[in-house]
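Chains as they are written, first to last, in our numbering: chain A, 22 to 242; chain B, 74 to 360.
Keep in mind the hints are simulated off the structure, nothing from the lab.
Even for Gly, the Cβ is constructed at its ideal location relative to N, Cα and C.
Please note: incorrect hints may appear among the correct ones.
Unchecked claim - For lysine-lysine, the following DSS-like pairs were computed, each having C-alpha atoms within a straight-line distance of at most 30 Å:
1) B/LYS344 / B/LYS310
2) A/LYS138 / A/LYS216
3) A/LYS189 / B/LYS84
4) A/LYS121 / B/LYS253
5) A/LYS138 / B/LYS148
Claimed, not checked - Label pairs and their computed distance ranges (CB to CB):
6) A/GLU201 / B/ILE179: 39 to 45 Å
7) A/LEU187 / B/GLY145: 40 to 46 Å
8) B/GLU115 / A/MET53: 30 to 36 Å
What the hints assert, rightly or not - Far from chain B, some chain A residues (derived; all Cβ distances over 10 Å):
9) PRO58
10) ILE72
11) ALA84
12) MET100
13) GLY132
14) VAL134
15) LYS138
16) LYS189
17) VAL233
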Amino acid sequence: MDISGVASDMSGLASGAGGLIASAFVVAGYTMRTMIPLRIVGIITNVVFIIYALSHRNYPIVALHMILLPLNVYRLREMLVLIRNVKRSVSGNLSMNWLKPFMTERRCAPGEVLFYKHERATEMFYIVSGRFRLVESGIELPIGSIVGEFGMLSPDNERTQTLECLEKGVVLGVTYQKVEELYVQNPEFGFYFLKLVSARLFQNVGKLEAQVAALSGKPAS
Amino acid sequence: MKLPVDFRLLKERYLGEASRKPWIAENRLAELIPYLQPGAAETVRSAVTSLMAYQDPDYALLYLSRIGRYAGPGKEPCAFLGALASRMDVRMRYIDPPSVAQDVLIEDEGRDAAAGRRVPFCLCDLVGLLPPSAADTVLQVISYLRLSHRAVVLRFTGGRRWTRAWALLRYARTYSRRAKTENAWVERWLHMIDRVRTCQPAAVEEMVQTADIVRGSGAGYHRDLANWNVIVDRLVKPVCDGTVASLDLAAALRVVLKAVSDRPEPAVLEKQIADLIAAQPFQLRTA
Numbered sequence: 022m023d024i025s026g027v028a029s030d031m032s033g034l035a036s037g038a039g040g041l042i043a044s045a046f047v048v049a050g051y052t053m054r055t056m057i058p059l060r061i062v063g064i065i066t067n068v069v070f071i072i073y074a075l076s077h078r079n080y081p082i083v084a085l086h087m088i089l090l091p092l093n094v095y096r097l098r099e100m101l102v103l104i105r106n107v108k109r110s111v112s113g114n115l116s117m118n119w120l121k122p123f124m125t126e127r128r129c130a131p132g133e134v135l136f137y138k139h140e141r142a143t144e145m146f147y148i149v150s151g152r153f154r155l156v157e158s159g160i161e162l163p164i165g166s167i168v169g170e171f172g173m174l175s176p177d178n179e180r181t182q183t184l185e186c187l188e189k190g191v192v193l194g195v196t197y198q199k200v201e202e203l204y205v206q207n208p209e210f211g212f213y214f215l216k217l218v219s220a221r222l223f224q225n226v227g228k229l230e231a232q233v234a235a236l237s238g239k240p241a242s
Numbered sequence: 074m075k076l077p078v079d080f081r082l083l084k085e086r087y088l089g090e091a092s093r094k095p096w097i098a099e100n101r102l103a104e105l106i107p108y109l110q111p112g113a114a115e116t117v118r119s120a121v122t123s124l125m126a127y128q129d130p131d132y133a134l135l136y137l138s139r140i141g142r143y144a145g146p147g148k149e150p151c152a153f154l155g156a157l158a159s160r161m162d163v164r165m166r167y168i169d170p171p172s173v174a175q176d177v178l179i180e181d182e183g184r185d186a187a188a189g190r191r192v193p194f195c196l197c198d199l200v201g202l203l204p205p206s207a208a209d210t211v212l213q214v215i216s217y218l219r220l221s222h223r224a225v226v227l228r229f230t231g232g233r234r235w236t237r238a239w240a241l242l243r244y245a246r247t248y249s250r251r252a253k254t255e256n257a258w259v260e261r262w263l264h265m266i267d268r269v270r271t272c273q274p275a276a277v278e279e280m281v282q283t284a285d286i287v288r289g290s291g292a293g294y295h296r297d298l299a300n301w302n303v304i305v306d307r308l309v310k311p312v313c314d315g316t317v318a319s320l321d322l323a324a325a326l327r328v329v330l331k332a333v334s335d336r337p338e339p340a341v342l343e344k345q346i347a348d349l350i351a352a353q354p355f356q357l358r359t360a
């Protein structure tokens, strides 16, 4: 009995099914609303396409997905690391250092003003080096501090102080738009980001209460 | 022209949520008017109209939000608001090629199209029409080649295509390097007014008047701007920071404003200010 025809039919069927499965993953990828599931489906799609294209010796498709696979893995890892760092910040020192990879460097000269009071707030800064002072309150900000994070969540979106550079230094800046993007693409990040900013706000309220108590001579509640 | 909703969303995403609706600015103006003195109210009203013509209703809204820092519910009426409102209007309508082209097109409507206007600019002003990301690199290069202040005289003639093209550039003005620089300038001026109001309230009117120093276009404009910065950095700021003790800022500013009317070199003005401070009974406090 000649089974070569049947074998050929079966291989054609398997090939068609492989193509269908790969296409289904592409469609599934497009339906994803948030970044992490999108990347995971993207990685699976890349793997399926590589296997499918190898079996058909379609090397341009193999090359394309060999490029896309590490890109998807890198972006997925970036998001997972971001969430882990935000979570750690919430339960740790409330720092916002995790934002550094998303920030751009800006060099400041003495006398340069980064933003003015009442100006519309559009970005936050991380102080890397130099000396910076909030003009109205006279507070000098230490290296490593984040300034302008509340402006993003404040209803009027206005600066409440003026930030001036006293000594040549470097700041890292990130626009609120970028943080909003991270927030929208990644609900888990958004949740922990809100927790973190609230915790920082409560920390400030606590400090103010302690100052008021110290001024009035009563212990803080 | 109304864009389909998807394009409008994309425009909002990448170019900002500009409303471009005059009634929003007019409503905001109506809210503010009861809190303004009659003279100031008239100035603000005409400024809103001119700023809408100069740029768009959102630019007028920015003006009104700045005025709103000094007037509104629960705020003390400011005596200097009229003077500030008119000067801020002038400063926010700075001279650039699109604004001159607009003026020429309006003036020449129905008149002889051959009549034109020649306006001097610096090369850096023209580069400043680009978005900051592009302009900053070009400015670095021309500054290295010492061409920043190279004079470029543009001729604007009514009815010419070039004039119309320049006038169209006003739609891109908001995203330009020049707009960002001018915005920072106005914010600095308002910031210094606030600081003077706190440390020497008697000098506020003079501080408001310092905006008159900066006028025109081209090399003269850049010299004026440099002089204004010298006044702020060498006189006003040290007084507000407390590094110059017991200086009558109002009197000092009157002297400086008189001196600056001749458009001196910034270095000369700096020396005049240093002499003025040295002549005071109390010298510089050790920092």
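Outcome of the hint check:
{"no.": "1", "hint": "B/LYS344 / B/LYS310", "in the structure": "holds, 16 Å"}
{"no.": "2", "hint": "A/LYS138 / A/LYS216", "in the structure": "holds, 27 Å"}
{"no.": "3", "hint": "A/LYS189 / B/LYS84", "in the structure": "violated, 37 Å"}
{"no.": "4", "hint": "A/LYS121 / B/LYS253", "in the structure": "holds, 25 Å"}
{"no.": "5", "hint": "A/LYS138 / B/LYS148", "in the structure": "holds, 17 Å"}
{"no.": "6", "hint": "A/GLU201 / B/ILE179: 39 to 45 Å", "in the structure": "holds, 40 Å"}
{"no.": "7", "hint": "A/LEU187 / B/GLY145: 40 to 46 Å", "in the structure": "violated, 33 Å"}
{"no.": "8", "hint": "B/GLU115 / A/MET53: 30 to 36 Å", "in the structure": "violated, 57 Å"}
{"no.": "9", "hint": "PRO58", "in the structure": "holds, 23 Å"}
{"no.": "10", "hint": "ILE72", "in the structure": "holds, 37 Å"}
{"no.": "11", "hint": "ALA84", "in the structure": "holds, 32 Å"}
{"no.": "12", "hint": "MET100", "in the structure": "holds, 21 Å"}
{"no.": "13", "hint": "GLY132", "in the structure": "violated, 7 Å"}
{"no.": "14", "hint": "VAL134", "in the structure": "violated, 7 Å"}
{"no.": "15", "hint": "LYS138", "in the structure": "violated, 7 Å"}
{"no.": "16", "hint": "LYS189", "in the structure": "holds, 16 Å"}
{"no.": "17", "hint": "VAL233", "in the structure": "holds, 23 Å"}
In this structure, the earlier hints numbered 3, 7, 8, 13, 14, 15 are contradicted, and the remaining ones agree with it.
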